[in-house]
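> Letter by letter, the chains look like this.
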Amino acid sequence: MKNLIRLTLIFFFISVFLSAETDNPFLSLNFNLGFSFIGQRGNNSEYISSVNPFPLTPSHSVTSVGGNINLRLRKKLILGLNMEYSMNKKLSLIDPSDQDELVVDSIDFYNFFIDLKYMFSLFNLNSFISFGAGNNITKGCDETWATTKKGYKIFLPEIDSRTSPIMVITAGIIFPLSDTLNIFTDASSYYLINEKISMFRISLGLSFTIIDDAREQK
Amino acid sequence: MFITNTTFKRGYFVKTKLFFSFIILLFLFTPFISANQRHSYKQYFFQYQNGEILYKGVKYTDNSDNFLNNDNGKFILKFFDCNMIHLKTITIDEPGVIQSDRRSFNQIKGSIIKKNGYTFSITISRKFDPVYVKFFRKADNCDTNYYQQKTTIINQQPEKDKLLFINQVKLNPNKKHKKLFSSINDAIILSHSKFIDNGPDKRRTDIVFIPIDYYDYEMDSFHKTIHNILYNVCWGGWTDKRTFFDASPIKEFKKLFNFHYLDIINFPLDWNKQINCTGDDCKEWLDNYVKNYINTPPDIYVFITKSYPWSSLTSFWYIILRKDACGNTLLRALARSILGGRLYNEFDAEDNYADGKALNKISDKNITIYTEREKIPWKHWISSTTPLPTPNNVHFKNSVGAFEGGYDYKYYYYRPQEKCVLHGDLWDFCKVCREHFTITLLKHWIHPFISATTNTPTSDTPINSEDTPILRFSVTIDAGLLAMFESAEIVWFMDDRKMNNYDGKSSIEIITSDIKAGKHIVKAAIIGQVRGTEGFIRKYIDTNFYYSFNEFEISKGRYRRDR
Ligand SMILES: [Zn+2]
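Sequences listed follow chains A and B, in order. Here the first sequence stands for residues 1175 to 1392, where the numbers follow my numbering. Here the second sequence stands for residues -16 to 546, where the numbers follow my numbering.
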């Protein structure tokens, strides 16, 4: 959380500093809906009877909502402050020893990051790629007991809320609908540095332009 | 010599004649004497309302007529309120005019005394000893409407005549024979005796005798009744000297039982109706009622009545016995109660024909409607050469078969053997009933373990094999019960399957990771034979005398949730 505040402050000061020099101030507010794809975790070879009965968490996707604020720094350079929230999902796990099934909720998580978008035209479409850095925050939860399909109890230990740094690469396309409204789609790849896990996200969103001096000058 | 001799003979003759005349006269008068003696009436204290005090009476039954000369007693009455605060002592100096009412035998009534502003009518009814009189004062600040206080009324002279009841002046003499039932609120437990003590009540089968409608001066008679039931020979006593404790399987399991009696006065027969209970709620009420005297809830209650239309009545957990019942009536009643596994009656009433067919399709324990060998519940006792149904003749006198008559019917129901306690025989159960009784005692009434310990959690939290790698169970055996056994060995079961490595051990350890995930029950049991019961059981009984531990659950392990 400290990192997040620090990042926000950095973002704020950099943007104030840089935007002062821009000729065409630009600010937009974006909302998006997407899917985060999470790769598999663990391996069936790690199975230990009555200790680790569900060693493999399969790859899965969770629904996520996001929002960001974009601020133009240079003509083709946009700084973004991004937030995404991924809602938990029922995961179906299989005990490799007896094919017993456990359905369990995955854990909610947030992504906060700042990125720098480079705008360019690709086949006459407004496109961008961006590089970002920030934090992935998982929500904590209490310990509990779950019951498998065959009626066995399994212990779900408590999870502390934790933060891990991420790196994000995004590519997207923007379709203008009106002067102030754009629709966009993008795809992001996340890498969790500490855990050496990558995630992938695609999203579709709406962008509302709040300030656009360049447009007014036309 | 000759004359003297004759005189002697004549005198002898005259004396003999006199003697016989006296006997005949006595015989002729007997109906009157016994009628007098049997006569009893219920009498109450009656409410006496004089300002604030309300007196209420105690029922008693009067059998004596020895009262007439003892009307000059000096009486002290003590009254208490519901908080046990002494209210008033009244000394009655002058009994005043005493009248005897011949028709109602033992009643003297109508002595009016003025003392301390109160007017009483004293009815001296008879002597008995000692006297407990309950006085009630309507309570203003007390929770209960009436408080019962046991008080002695002291009759200072003559010493042996202690008596008495107070009646209201306006008592209508014509109503004194009206049947009044005693109230459960009037009952008082005087004392308790555990007269056969084979060990702690918790691990023994407790049988409690309770007197119904007895008054305190009748307690000796109540005790004598218990003694007669347990230790007297029965009507066949001139040939069969056996008594209650000589009957199998009571004989072999004698050490299992504790016997108690409670001296209770005025305990009504319809107590359960009065408290408006049914089934096990009644037992719970009664257990609670006797709790101050018998801590552990008793297993079987035996009510002794002075008069009851039948010699006995058996329900699941209680038995009503008339005071003239013999020990084998108790034995039969116990066999039919939960103690004996609720065996069926095997009587075959001559005039009970069941209207052409068996009304209840019973085929269980000791009664069946079937004569096909395979359908008979006790087929393991029937030899292949015994015809079915079995003719009731000398050839099959001691055989187990299917004899027609039982379950109170002459036909259509079959019993296992010609003779059985449940068929009215004196002390011997048939082999089938004896087997069922024995198995029931072994499986349900013997609790051979004093204590058991385990490190499994008692809540329903499943065990994690990482945190609880080893489960420990141990038991302590009751040596008193073990003494009954010819041979006995502790064996252990998990989920009703015997664990082979732990035979004979009183404590065991199980490695959690060896157990499949899920719910399990570990049980300790004793497998053995009670001394003297060789050949009693032919039916296969897998195990007996369980000590169950709490059910515990092994979890599959843990799973750490994540994104
Ligand atoms: Zn029988």
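Watch out, some of these pointers could steer you wrong.
Taking lysine-lysine and the DSS-like style, the derived pairs with C-alpha atoms no more than 25 Å apart in a straight line are [as the list claims (entries may be wrong)]:
#, chain 1, residue 1, chain 2, residue 2
1, A, K1324, B, K289
2, A, K1250, A, K1324
3, B, K256, B, K362
4, B, K380, B, K362
5, B, K274, B, K256
6, B, K234, A, K1324
7, B, K289, B, K238
8, A, K1323, B, K502
9, A, K1313, A, K1263
10, B, K234, B, K256
11, B, K238, B, K224
12, A, K1323, B, K499
The set of hints was computed from the structure by calculation and includes no laboratory data.
> Can the restraint linking B/K289 and B/K238 be considered satisfied, given a maximum Cα separation of 25 Å?
Roughly 30 Å separates the two Cα atoms, so the pair is violated.
> Would the pair A/K1323 and B/K502 pass a check requiring their Cα atoms to be no farther apart than 25 Å?
With a Cα-Cα distance of about 14 Å, the restraint between A/K1323 and B/K502 holds, given a limit of 25 Å.
> Within a Cα-Cα threshold of 25 Å, do B/K256 and B/K362 meet the stated pairing?
43 Å, violated
> Assess, step by step, whether the Cα of A/K1250 is no farther than 25 Å from the Cα of A/K1324, and give holds or violated.
58 Å, violated
> When you check the alpha-carbon spacing of B/K234 and B/K256, does it fall within 25 Å?
Violated. B/K234 to B/K256 sits at ~36 Å, over the 25 Å cutoff.
> Can the restraint linking B/K380 and B/K362 be considered satisfied, given a maximum Cα separation of 25 Å?
17 Å, holds
> Tell me if the straight-line CA distance from A/K1313 to A/K1263 falls inside 25 Å.
14 Å, holds
> Given the hint that A/K1324 pairs with B/K289, test it: the Cα-Cα distance must not exceed 25 Å.
Distance of about 62 Å is beyond 25 Å: violated.
> B/K238 and B/K224: Cα distance at most 25 Å?
22 Å, holds
> Please verify whether A/K1323 and B/K499 have alpha carbons no more than 25 Å apart.
With a Cα-Cα distance of about 15 Å, the restraint between A/K1323 and B/K499 holds, given a limit of 25 Å.
> Taking only the CA atoms, is the gap from B/K234 to A/K1324 under or equal to 25 Å?
Answer violated: B/K234 to A/K1324 is near 50 Å, above 25 Å.
> For B/K274 and B/K256, compute the direct alpha-carbon distance and say whether it is at most 25 Å.
20 Å, holds
When each numbered hint is compared with the structure, violations occur for hints 1, 2, 3, 6, 7, 10.
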